[in-house]
Amino acid sequence: MKARSSVVPSYVRPTPRRVAGLPSPAWTVVLVAGLVVAIELYARSGAVSRLDLIPVSEMVSRSVELLGDRDFVVGALLRSVLLICASFTASAVAGVAVAYVMARSRWVHRAVKPYVNVFYALPIFALYPVMVVMFGTGVVPIILLATLFSVVIVISNALVGFESAPPIVTKLALSLEMSRSQQLRKILLPSALPDILAGLKLGLAYAIIAVLATEFILATTGLGQVVNRAYNNFNTVDMYAGIVFVSVFALLANLALGAALNAFDWRRR
Amino acid sequence: MTTQMKEKRDSAPTAPTPIVQLEGVEQHFGPVHALGPVDLTIGRGEFVSIVGPSGCGKSTLLEIIGALQDPARGSVEVDGAPLTGPRRRTAIVFQESATLPWRTVVDNVAFALEVRGIGRKERRERARELVELVGLGGFENHYPAQLSGGMRQRVAMARAMSTDPDLILADEPFGALDEQTRMLMAEELLRVVERIGCGVLFITHSIQESVLLSDRVLVMGRRPGTFIDEVPIDLPRPRMHAALSEPSATAAQERIWAQIRAEAEVAMVATRSTP
Ligand SMILES: Nc1ncnc2c1ncn2[C@@H]1O[C@H](COP(=O)(O)OP(=O)(O)O)[C@@H](O)[C@H]1O
Ligand SMILES: [Mg+2]
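Residue numbers (this note's numbering), protein chains in the order written: chain A, 1 to 269; chain B, 1 to 275.
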């Protein structure tokens, strides 16, 4: 069938279900697979040193091997997962709480909002020498940096949610004489929930980035440090295996949290 | 409390106190004189409509009676007592749909009861009855986004009924609906209100609607709004849409329209000359 030219601009037309005989999502897979195959062939062609690049198949098989390595699983993986969970939980709780206080108090809002706005312009990881001086190289500076890094995105999203409660609903609350805690539980939180969830998904991504990056520059163990050490030792296989592992891990964690949170999102019902 | 009881007895032992009594009520927002002075009495079970040009202070008046804002001047008594805060038996139906999009129809209707601490089983039972009453049977578990504007406004109506009100304040509740839906909803509201027997203050910009529904229509002049006319509507109840073509109904509509038109024309010229 011939596609007739449409008067509707292409950017507002819905995505076609099939492109060139394949369903649209299949093309995403084809692109990634093509890239993987290209790297594999390039690495095997001998045009590049094994110190610089190894075949993807070796990266994957080595990262699967790492999963059987007790030191890696307990010393690196588990530790990083716990740090990520701790930072994420702290920033989720603190972020929603700060946003609530900002939404409720004009003064707090005025005082805090400028920092929220410019926060991501700061190269926060440059703070790490200060952290080392103050807290040493243990878990405390990692959790602090990661919480700080992810809490701001949680705050700004939750704030959007709290502030987008329609004024008419606020009037309803007033006319029913709802207490502050009732307003929070029955109106503000549920109304802001979709935005809060969006913030939490980003917050997890930011917590993962921050924990791994901080481990890379500051820690003596952990996933980030595995990659860093392999890199310093010219152990290219372990380095790439670590990178593949970390990427897949971050992707899966985000997808899992996204799916779990979407179940609570009333806009998706 | 005791002085009120005494007043009640002193003034008119047989006539019940009106549900709403306003004297000299005014509202100012900074330099803007928004409303009044206004005197208003609404009897128990009486249906009173207010029509007037937009911006004349109708919503302000309604919010004052609903205790959503305090008047700058004047006295407000509801059910014989000076108003100190939102009353439990005053229900407000807002213009935009004030339904909660994360709750189903039943849970929306049960919301006011939930806030007042009624148990889950009891409030759901009551909500289901009301959902039936406003003609939404079968949509109990739908979300507001799945309903039309008219159906959402029925949900808001059912929620207003849920707390056994003796006074309903409705601020252009059907303003966002199309003409046909609006007429149907108006008949529906009449049916429900007649069943409950509560007093109603109804704000609308539709003259037809005001005549069809009310015992009395008050015409408000341009800002600062005061009542410039009071039109009694002597049509038999129960009323249906056809009642609008009776001679007394058309006369009432003509009379109201003449007043509003004069006010609106002056208001338009006034806004044009003071940019
Ligand atoms: N909170 C407020 N602050 C300042 N001006 C207001 C406020 N509420 C209403 N007004 C003004 O008071 C006048 C009456 O408003 P309103 O009662 O909403 O009119 P209506 O409902 O009759 O259209 C309008 O001119 C409006 O701009
Ligand atoms: Mg209004």
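Any given hint might turn out to be false.
The calculated lysine-lysine pairs, modelled on BS3-like cross-linking and capped at a C-alpha distance of 30 Å, are [said to hold, decoys possible]: (1) A:K113 x A:K201; (2) B:K121 x A:K171; (3) A:K186 x A:K171; (4) A:K186 x B:K121.
DEER-style ranges, computed between Cβ atoms [as the list claims (entries may be wrong)]: (5) A:S181 x B:T41: 35 to 41 Å; (6) B:R237 x A:A94: 30 to 36 Å; (7) B:T181 x A:F125: 56 to 62 Å.
No lab work stands behind these hints: they were computed from the structure. Computed from a predicted model, the values in this text were never measured in an experiment. No residue lacks a Cβ here, since even glycine has one placed at the ideal position from N, Cα and C.
Cross-check of the supplied hints:
no.	hint	result
1	A:K113 x A:K201	21 Å, holds
2	B:K121 x A:K171	27 Å, holds
3	A:K186 x A:K171	14 Å, holds
4	A:K186 x B:K121	18 Å, holds
5	A:S181 x B:T41: 35 to 41 Å	38 Å, holds
6	B:R237 x A:A94: 30 to 36 Å	60 Å, violated
7	B:T181 x A:F125: 56 to 62 Å	59 Å, holds
When each numbered hint is compared with the structure, a violation occurs for hint 6 only.
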